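S.K.: Here's the letter readout for the chains.
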Amino acid sequence: MTKRRWLVYLVARALAHRKGRTVLLLAVLAMASSLATALGIVSISMGKRVAEEVRKYGANLVIIPDSARLDVGSGGLNFGAVTEPAYLNQQEVEGALARSGLKPGRSFHLRGSLHWKDADILVEGVNFDEIRQLFPWWQIKGGWPAAGEAVVGSDMAARLGLKGGETLELAGPGQSVRVRVSGIVSSGGEEDGLFFLSLPELQKVLGLEGKLTTVRLLVTAEGESLKKRAAALQPLLPKAKVSEVRQIARTSEGLLAKVKLLMVLVTAVVLISAGSSVTGTMSTTVLERGKEIGLMKAMGGGRWEVLLIFSAEAIMLGLFGGGAGYLLGSAVAQFITRAVFATSADFIPWFACVSLGVSLFLALLGSVGPLISVFRLDPVRSLRGE
Amino acid sequence: MSTTIIETGGLTRNYGDICALKPLDLKVPEGEWLSVMGHSGSGKSTLLNLLGGLDRPSNGSLRVGGEDMQGLTEDGLARFRREFVGIIFQQHHLIPYLTAVENVMMAQYFHSVPDEAEARLALERVGLGHRLKNRPSELSGGEQQRVCIARAIINSPKLLLGDEPTGNLDHKSTLMVMELLKELRAEERFTIVMVTHNPEVAAWGDRTIYLDDGILVREERTRS
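Chains as they are written, first to last, in my numbering: chain A, 1 to 386; chain B, 1 to 224.
Each computed SDA-like pair below joins lysine to any residue, with the alpha-carbon atoms no more than 25 Å apart: (1) A:3 / B:135; (2) B:158 / A:380; (3) B:172 / B:206; (4) A:291 / B:91; (5) A:3 / B:115; (6) A:291 / B:83.
Hints were generated in silico from the structure; no laboratory data involved. Note that the coordinates shown come from a computational prediction; the quantities given were computed from them, not determined experimentally.
With the hints as constraints, model all of the structure from the sequences given.
M.R.: Structural data, given as structure tokens:
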């Protein structure tokens with residue numbers, strides 16, 4: 001039998017001999033590494049899931065025109081400044097988005113006022129396909145509009161007495177458009193007070209072809225923060241202002257960071273507790289096995305050789321604890337993600353290395369003190385049972 | 001003329017203020033069976049530990065098998081123990097989770113490589129061929145001591161040290177162990193230094209020295 005095989009056999013027999021303590025140590029290591037694994041997997045899955053959830057809230061970046069500003073006054077007189085309506089150039093925005101490398105969800109908006117009966121009503125031109133993707137929470141009573149159709153916000157419909165199926169003629173500065181109301185939209189937001197036409201139709205009626213008032217973008221919230229993405233896009237649109245939709249972005253990122261911090265703290269506390277437990281148990285084992293260590297040294301075992309035997313025990317415990325911890329942790333991660341996010345956690349094979357690493361680290365760290373005792377133990381005194 | 005395997009000059013061992021072994025001059029020729037007698041605390045075990053490289057002298061010289069024991073490092077002492085010495089303990093000190101044959105293989109592990117066939121032969125030589133797979137808890141005191149002897153001789157040591165090897169055995173087992181040591185010594189030609197407080201056991205040796213309070217007070221030749 002080779003020395004290596006004998007070492008493995010010896011360690012296995014020693015661990016099997018102390019079943020209770022071995023099971024206890026394995027349980028501690030498996031629990032600690034499984035927690036690190038579970039929280040790690042949950043954290044990664046949660047990051048992705050939160051990003052997906054954020055998508056449901058719609059746009060997280062918005063592009064608006066940088067308002068034209070005109071100082072009014074003459075000579076020493078200054079009457080202040082006036083701003084005139086400014087628009088984004090649709091072509092420039094499309095070009096900038098293409099150059100940015102971002103592949104965001106997007107919706108182009110043009111807002112204006114049209115005349116109907118004796119009232120001016122606030123109309124927004126949009127591409128309804130973009131809206132359906134970017135604002136999935138819109139509830140339409142009736143149907144999404146086809147060509148020549150429009151939807152009206154629920155508040156406006158109530159105010160103007162509009163119903164689905166009704167046809168209106170809306171007048172612009174130069175021309176008018178005749179549309180049929182296909183449905184009533186309710187979103188719980190400002191959309192409820194607007195009338196929605198298709199973007200090209202509104203641009204035509206208002207005589208603002210190729211112009212936009214707002215572009216809403218949805219970029220993935222992972223990794224680089226929204227602020228950085230907005231900053232990266234800004235130089236490509238010098239006549240516009242790119243900004244984050246702060247409340248959603250910050251809330252989701254902040255919440256995620258806090259939850260991750262909590263997970264790290266919980267893991268740290270558990271690892272410290274587990275390390276202490278391993279130290280205590282290993283110390284007791286070394287104390288109990290003092291005579292055995294003394295005997296090994298009396299038989300000619302060098303300090304390093306005897307140390308190797310006891311280190312190998314810690315390593316074997318660490319490996320088995322880590323393996324069990326990975327399986328247990330993956331199962332716990334599945335349970336948590338199913339319970340919290342109603343979805344399954346990602347299968348992350350490389351987390352087996354994390355679990356093994358945590359378990360080995362704990363097993364060896366917890367054994368440092370006891371192993372130093374093994375190294376220093378005087379064979380004569382230990383054989384006497386001192 | 002036989003060579004000297006053990007030679008001490010003014011060998012002393014102090015533990016703090018306590019002098020466990022006072023300056024001792026001793027020569028042991030190769031192949032001799034030396035019995036060491038004395039009361040508890042007389043320095044017998046201290047001497048044995050020094051001879052076996054388990055302890056270091058406080059003063060004086062100690063040469064065993066030509067090695068200057070004071071010049072050896074910790075690792076050097078470990079090498080000396082595994083290559084030169086076999087030790088038989090009163091308490092047997094067998095590893096409880098290993099079988100008889102595995103306990104013998106343990107000594108081989110530190111010396112060279114574990115060889116089950118050789119370990120089995122060693123146990124057969126001490127009359128335990130039928131107890132190879134039994135654990136220490138399944139063996140009698142005499143059987144455990146024979147496993148201990150097999151473990152001590154497996155690496156063919158030049159020096160066999162016995163620390164009250166029959167101290168825990170009944171009369172019958174004691175005789176069996178002593179007969180066994182006598183046979184093995186005849187075959188292997190190793191030197192034996194055996195500590196005992198039993199005059200009958202000491203009488204198996206060629207020479208007996210008597211220690212009292214760390215001082216060699218008397219020596220007598222028990223066999224021609």
